[in-house]
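> Residues per chain are reported as follows:
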Amino acid sequence: MPKRYHITAKPAAPRFIPVGRSGIIDFEEDCLKCTTCVKKRCLYDVYKNRSYDARTMADSIDYQCKNCFSCIQNCPRGVLSKTINPEYLKLGDAYWKPEIISINWFQAETGRIPVSGAGYRGPFSGPGFDSMWTDMSEIVRPTRDGIHGREYISTAIDLGRKNNRLEFDAAGNPVLEVPPLVEVPLPILFNLLPFGNLSRNVRLAMAEAARQIDAMMYLAEQDDEPALEAYKAHLIPVVAANGMDPSAAIFQGVKMVELIYSDQAWHGALKLKAKYPGLVVSIRVPMDAEAKAVTLKLAEAGAEVIHLVADFQGNEFVADRPRFVKDVLRDIHGSLVTASIRDEVTLVVSGGIALPEHLPKALICGADCAAIDLPLLIGLECRVCKRCTHGKSCPVGIDQVEVSYGSQRIVNLMCSWWSQLIEVMGAMGIRDVRRVRGEAGRAMFFEDLERETFGAMFGTRK
Amino acid sequence: MGPRIVIYCCANSVIVPEESVEKAMSERGAEIQMVRLPCTGRTDTLYILKAIEAGAHLALVVGCPEGQCQFIEGNLRAKMRVRFANRLLAEAGLGAERVRMVNLSPAEADRFPAALNEAIDKARELGAWRAEDEAAPRKRG
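Just so you know, the protein sequences line up as chains H and S, in that order.
Just so we're aligned, residue 47 is where the first sequence starts under my numbering, counting upward by one.
Just so we're aligned, residue 2 is where the second sequence starts under my numbering, counting upward by one.
These aren't lab readings, by the way, just hints derived from the structure by calculation.
Be aware that one or more of the hints could be misleading.
Pulled a few chain H residues facing chain S out of the computed Cβ check, cut under 7 angstroms [unchecked claim]: (1) Ile71; (2) Pro132; (3) Glu133; (4) Leu137.
Below, simulated DSSO-like cross-link-like pairs (lysine-lysine); rule was C-alpha separation at most 27 angstroms, straight line [stated by the list, open to error]: (5) Lys80/S - Lys85/H; (6) Lys343/H - Lys317/H; (7) Lys56/H - Lys278/H; (8) Lys208/H - Lys317/H; (9) Lys123/S - Lys80/S; (10) Lys80/S - Lys136/H; (11) Lys123/S - Lys317/H; (12) Lys338/H - Lys86/H; (13) Lys123/S - Lys432/H; (14) Lys338/H - Lys317/H; (15) Lys79/H - Lys24/S; (16) Lys24/S - Lys94/H; (17) Lys85/H - Lys51/S; (18) Lys51/S - Lys123/S; (19) Lys128/H - Lys85/H; (20) Lys51/S - Lys112/H; (21) Lys128/H - Lys51/S; (22) Lys86/H - Lys51/S.
Going by beta-carbon spacing under 7 angstroms, a handful of chain H positions derived as facing chain S [claimed, not checked]: (23) Ala100; (24) Val125; (25) Thr129; (26) Pro160; (27) Tyr166; (28) Phe170.
Quick caveat, the model's predicted, so the values are computed rather than measured.
In this text, a Cβ means the ideal position worked out from N, Cα and C, and glycines have one as well.
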C-alpha cells in the first residue's frame with residue numbers, strides 16, 4: 047500500500063502577542079489579599095504568565111484567556127470583570143472578520159482544529175460562504191478507528207485537461223493522447239498575495255512550506271530569483287501572455303505555468319505547449335462580467351486549467367452589485383456542465399477563501415481546487431490592518447519573518463485545513479475529494495431555501 | 002522628529018475622530034499610538050510606565066466623564082492610577098507631567114483635538130527623557 051499523505055504540525059508560537067478577544071478589567075485596589083486567590087488558581091496560568099509588549103501595546107492575558115470565567119465568578123471580592131477587547135473588534139475588515147483572523151492565527155500556531163467549546167450558538171446563516179450548509183448526514187457514530195485510521199480519505203486532485211472518452215483505431219489500439227497532469231495531494235494552491243509587506247523571506251517561507259507539504263505556489267514573474275531554483279517543481283510562474291518568450295529561464299524546470307488572460311492568452315498557451323508538451327498551462331481569468339463567456343470559450347478551445355480570480359474579499363470585479371465568488375462559481379460550473387465539457391477542464395478558484403470550511407464549500411460550488419492568499423499571510427501573523435497598502439510599516443514585521451519559522455506556521459495552517467477537509471468529507475460520506483466537486487445536491491443554500499419557502503408569498507429579495 | 006505620544010482610550014468614551022489624529026501626525030509631526038481599551042479601568046500603572054519606558058514622551062489616558070463609566074468606577078480607578086504613575090515618575094525624576102488624563106463623553110469628539118494639541122505641546126516642552134530617544138526614536142509598528 048502506498049504511503050499515506052500526512053502533514054506534521056509542530057507548534058510555532060507567535061512572535062508578537064496576538065490581539066485577543068477577551069478584555070479583563072481588574073480593580074486590583076480592592077484586593078483583600080486573601081488566601082483563595084483566583085489568579086493563582088487559573089487553570090491556564092494566564093495570570094502567572096502575563097506579559098505586556100510595549101511595542102504593540104498588547105497584554106498577553108487577552109490572547110491566553112480561554113473565557114472559562116472561573117476567576118470572574120470565584121473572586122470573593124469580585125474585583126475582576128470581563129468584556130470584549132475593542133482592539134480585537136477593530137481587526138480586519140467587513141469580510142476578514144476578527145474571528146477569521148484569530149482562528150487562522152490559532153491554526154498556524156498549533157496546527158490543530160480550533161474547538162470553540164460549549165457548542166455553537168449561532169448565527170446559523172450569514173453572507174458569503176455562511177449562507178450554505180454542507181450535508182453532515184454520515185455522522186452517525188464515531189468510526190471504528192477514526193478517519194485517519196483504516197478509513198482512508200483521499201484529498202488528491204489532478205490539475206490539467208482530462209479526456210472525456212477513450213478512442214481506438216481499427217486495430218483496437220488507443221489513439222487518444224493523454225494530456226499531462228500535475229497531481230497535488232491537497233486541493234489548495236498558494237495564490238499571489240493581494241497586499242502585504244512582502245519580502246523574499248515571505249516568498250521563500252511560502253515556497254519551503256509548499257515543498258514540505260507537496261503543494262504548488264504561484265509566483266509573479268518579477269519575483270523569480272536564483273534562491274527559488276530549488277523549489278522549481280512547486281512553483282507556478284504567472285506571466286503575461288503578451289510579449290512572452292517561451293524560451294525564458296522562468297519556464298525551465300516547472301510543471302505548470304499560468305498566463306494572465308488577454309486576447310493573446312490562448313495563442314500564448316499554444317506556443318508554450320508546442321515548446322513544452324509536458325507542461326500544464328493554466329489561464330488566469332478575472333471574475334468579471336465576461337468571465338462566464340471567456341471560461342466557456344477557453345474550455346471549448348481546449349484549455350487545461352482555468353483559474354478564476356475574484357477580489358480578496360471574494361467579490362467579482364463588477365461595479366454594480368457584485369456577486370459573491372460562490373454564486374459566480376455555481377453559474378460558471380453550471381454553464382460548463384450544460385455544454386458537456388465540465389469534466390475536461392480543471393477549474394481553480396481564488397478570492398475570499400478565508401476559513402477551512404470555505405474550501406469544501408468552494409468545491410461543492412464547482413471548483414476543482416482553491417487557491418488561497420490572505421490566510422497564508424494571516425498565518426505569518428498579519429492583522430489585515432492594510433497599513434502596508436498606504437506605505438506604512440507592518441506592525442508585526444512580516445518582511446522580517448525567518449524562513450524556517452514562517453514555513454512551519456504555513457505548514458501548521460495547512461495541517462489544520464487538511465484535517466478539517468477530511469472531517470467534512472468524512473461527515474458527508476465522501477472518500478475522494480474529486481467527488482466533492484459540484485456536489486451541490488449535498489449542500490443547502492440559504493438563498494434557494496428562502497426563495498422556495500417565502501418566494502411565493504413575498505417575491506424575490508431586493 | 003516630533004514628540005511620541007501613547008493614547009490609552011476607553012472604547013465607550015469619546016469616539017476618537019481619526020482625522021484629528023492623522024492631522025496631528027502630519028501637521029504637528031507627532032508620533033501617536035492609539036491603544037483602545039474596554040474601559041480606562043483596564044489601564045494599569047504598569048501600562049503607562051511601560052509606554053514611557055519604551056520611549057513615549059507622554060501618555061494620555063482618555064476616559065468617560067466621572068460618574069458615567071460603564072463599569073461604574075473604572076475611570077475613577079484610572080484617575081487614581083494616573084496619579085500614582087505621576088508620583089512614581091516624579092520620584093524617578095522623569096517629570097510627573099508625562100502622564101495625564103482627560104474625561105470626554107462620547108458626544109465630545111469636538112473637544113478631543115484641543116486635548117490632543119495640549120498634550121502635544123506638553124510633550125514637546127518635556128522632550129524625551131532619554132537622550133538617545135531624542136536623536137533616534139525607537140522603531141515600532
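> If a hint holds in the structure, say so; if it doesn't, say that too.
Verification of the supplied hints:
no., hint, result
1, Ile71, "5 angstroms, holds"
2, Pro132, "4 angstroms, holds"
3, Glu133, "5 angstroms, holds"
4, Leu137, "11 angstroms, violated"
5, Lys80/S - Lys85/H, "24 angstroms, holds"
6, Lys343/H - Lys317/H, "18 angstroms, holds"
7, Lys56/H - Lys278/H, "25 angstroms, holds"
8, Lys208/H - Lys317/H, "20 angstroms, holds"
9, Lys123/S - Lys80/S, "19 angstroms, holds"
10, Lys80/S - Lys136/H, "26 angstroms, holds"
11, Lys123/S - Lys317/H, "69 angstroms, violated"
12, Lys338/H - Lys86/H, "61 angstroms, violated"
13, Lys123/S - Lys432/H, "32 angstroms, violated"
14, Lys338/H - Lys317/H, "24 angstroms, holds"
15, Lys79/H - Lys24/S, "46 angstroms, violated"
16, Lys24/S - Lys94/H, "41 angstroms, violated"
17, Lys85/H - Lys51/S, "22 angstroms, holds"
18, Lys51/S - Lys123/S, "19 angstroms, holds"
19, Lys128/H - Lys85/H, "14 angstroms, holds"
20, Lys51/S - Lys112/H, "26 angstroms, holds"
21, Lys128/H - Lys51/S, "23 angstroms, holds"
22, Lys86/H - Lys51/S, "24 angstroms, holds"
23, Ala100, "4 angstroms, holds"
24, Val125, "10 angstroms, violated"
25, Thr129, "4 angstroms, holds"
26, Pro160, "23 angstroms, violated"
27, Tyr166, "25 angstroms, violated"
28, Phe170, "28 angstroms, violated"
Violated hints, listed in ascending order, are 4, 11, 12, 13, 15, 16, 24, 26, 27, 28; each of the other numbered hints is respected by the structure.
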